[in-house]
Every structure is written in structure tokens, then in C-alpha cells.
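Position one of the sequence shown corresponds to residue 2 (our numbering), numbered consecutively onward.
In case anyone wonders, no lab produced these hints; they're calculated from the structure.
C-beta: ideal position from N, C-alpha, C; glycine also.
There's no promise every hint is true.
[Stated by the list, open to error] The calculated label-pair distances, taken between Cβ atoms and stated as ranges, are:
| no. | residue 1 | residue 2 | range |
| --- | --- | --- | --- |
| 1 | R7 | P27 | 24 to 34 angstroms |
| 2 | I40 | N3 | 38 to 48 angstroms |
| 3 | N3 | K39 | 20 to 30 angstroms |
| 4 | M2 | P27 | 42 to 52 angstroms |
| 5 | S5 | G37 | 25 to 35 angstroms |
| 6 | G37 | D13 | 31 to 41 angstroms |
| 7 | M2 | L23 | 14 to 24 angstroms |
| 8 | L22 | M2 | 16 to 26 angstroms |
| 9 | G9 | F29 | 39 to 49 angstroms |
| 10 | A24 | N3 | 17 to 27 angstroms |
| 11 | F32 | R7 | 27 to 37 angstroms |
| 12 | F4 | V28 | 37 to 47 angstroms |
| 13 | E15 | E38 | 29 to 39 angstroms |
[Stated by the list, open to error] The list that follows gives simulated cross-link-like pairs (lysine to any residue, SDA-like), each with its CA atoms no further than 25 angstroms apart:
| no. | residue 1 | residue 2 |
| --- | --- | --- |
| 14 | K39 | V28 |
| 15 | K33 | L23 |
| 16 | K39 | F29 |
| 17 | K39 | W25 |
| 18 | K39 | L20 |
| 19 | K33 | D13 |
| 20 | K39 | L22 |
| 21 | K39 | V18 |
| 22 | K33 | Q19 |
| 23 | K33 | L22 |
| 24 | K33 | L20 |
| 25 | K33 | V18 |
| 26 | K33 | S21 |
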Amino acid sequence: MNFSIRPGSNDDIEDLVQLSLLAWAPVFSSFKQVLGEKIYSPKTPQDAPALSGMGRNAAFLCR
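Using the sequences and the hints, build the whole thing.
Structure, rendered in C-alpha cells:
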């Protein structure tokens, strides 16, 4: 496999956001398992708009 390391660009942001959300998914899943539904659910986003918000935050941090 060939790869190169280069500076990031604005064109990379969407891919970085998706990578970040995928990378954190197991962490949130683990929290849910450890804390249980009753404690975890009220404090975490369960819908697409909330995930979009997380994506916007990740995009902001990437800039």
C-alpha cells in the first residue's frame, strides 16, 4: 500500500468528520453499556440532528 502524508485541506474536512464520528462510536457504545440506558440516554444525542451537530463541531475543530 502506498500512501503519503500531506497537509490537510478544506476538501478533507468531511472525511475527517466522518472518521471522527466512526472512531468515537465504540466509546459511546461502551459508555451506554457501562452506564445503562436509564443514565446514558438523557445525556446523549439519539437522533440525526444531534449527530449533525457533532459533525459541525468536528468540522470547526478541523479548520
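Each hint tested on the structure:
1. Under the hint 24 to 34 angstroms, the C-beta atoms of R7 and P27, about 28 angstroms apart, fit the expected range.
2. For I40 and N3, the Cβ-Cβ distance of about 47 angstroms falls inside the hinted range of 38 to 48 angstroms, so the restraint holds.
3. For N3 paired with K39, a C-beta distance near 49 angstroms fails the hint of 20 to 30 angstroms.
4. One distance hint, 42 to 52 angstroms for the beta-carbon pair M2 and P27, is violated here, with the actual separation near 24 angstroms.
5. Remark: the range hint 25 to 35 angstroms for S5 to G37 is contradicted by a beta-carbon distance near 45 angstroms.
6. The hint said 31 to 41 angstroms for the Cβ distance between G37 and D13, and at roughly 37 angstroms that hint holds.
7. In this structure the supplied range 14 to 24 angstroms holds for M2 paired with L23, their Cβ-Cβ distance being about 20 angstroms.
8. About 24 angstroms separates the C-beta atoms of L22 and M2, a value consistent with the hinted range of 16 to 26 angstroms.
9. Taken as a hint, the range 39 to 49 angstroms is violated for the pair G9 and F29, whose Cβ atoms sit roughly 25 angstroms apart.
10. The hinted window of 17 to 27 angstroms between A24 and N3 holds, with their beta carbons roughly 23 angstroms apart.
11. A C-beta distance of roughly 34 angstroms is found between F32 and R7, which places it inside the suggested range of 27 to 37 angstroms.
12. In this structure the supplied range 37 to 47 angstroms is violated for F4 paired with V28, their Cβ-Cβ distance being about 26 angstroms.
13. One distance hint, 29 to 39 angstroms for the beta-carbon pair E15 and E38, holds here, with the actual separation near 32 angstroms.
14. Distance hint between K39 and V28 is fulfilled; the C-alpha atoms sit about 18 angstroms from each other, no more than 25 angstroms.
15. Taking the CA atoms of K33 and L23, the gap is near 16 angstroms; set against the 25 angstroms cutoff, the hint holds.
16. Among the hinted pairs, K39 with F29 is consistent with the structure: their alpha-carbon atoms are about 14 angstroms apart, no more than 25 angstroms.
17. Annotation: proposed proximity of K39 to W25 holds, straight-line Cα distance about 21 angstroms (limit 25 angstroms).
18. About 28 angstroms separates the Cα atoms of K39 and L20, which puts this hinted pair outside 25 angstroms; it is violated.
19. Straight-line distance between C-alpha atoms of K33 and D13 comes to about 30 angstroms, which puts the hinted pair past the 25 angstroms bound.
20. Taking the CA atoms of K39 and L22, the gap is about 23 angstroms. The hint holds against a cut of 25 angstroms.
21. Taking the CA atoms of K39 and V18, the gap is near 29 angstroms; set against the 25 angstroms cutoff, the hint is violated.
22. In summary, the hint linking K33 to Q19 is supported, as the alpha carbons are separated by about 21 angstroms, within the 25 angstroms threshold.
23. As the CA atoms of K33 and L22 are separated by approximately 16 angstroms, the hinted pair is consistent with the 25 angstroms bound.
24. Only pairs whose Cα atoms come within 25 angstroms are accepted, and K33 paired with L20 is accepted, the gap being roughly 21 angstroms.
25. Proposed proximity of K33 and V18 is supported: the alpha carbons are some 22 angstroms apart, at most 25 angstroms.
26. A threshold of 25 angstroms between alpha carbons decides the hint, and for K33 with S21 the separation of about 18 angstroms falls inside it, so the pair holds.
Checked against the numbered hints given earlier, the structure breaks hints 3, 4, 5, 9, 12, 18, 19, 21 and satisfies all the rest.
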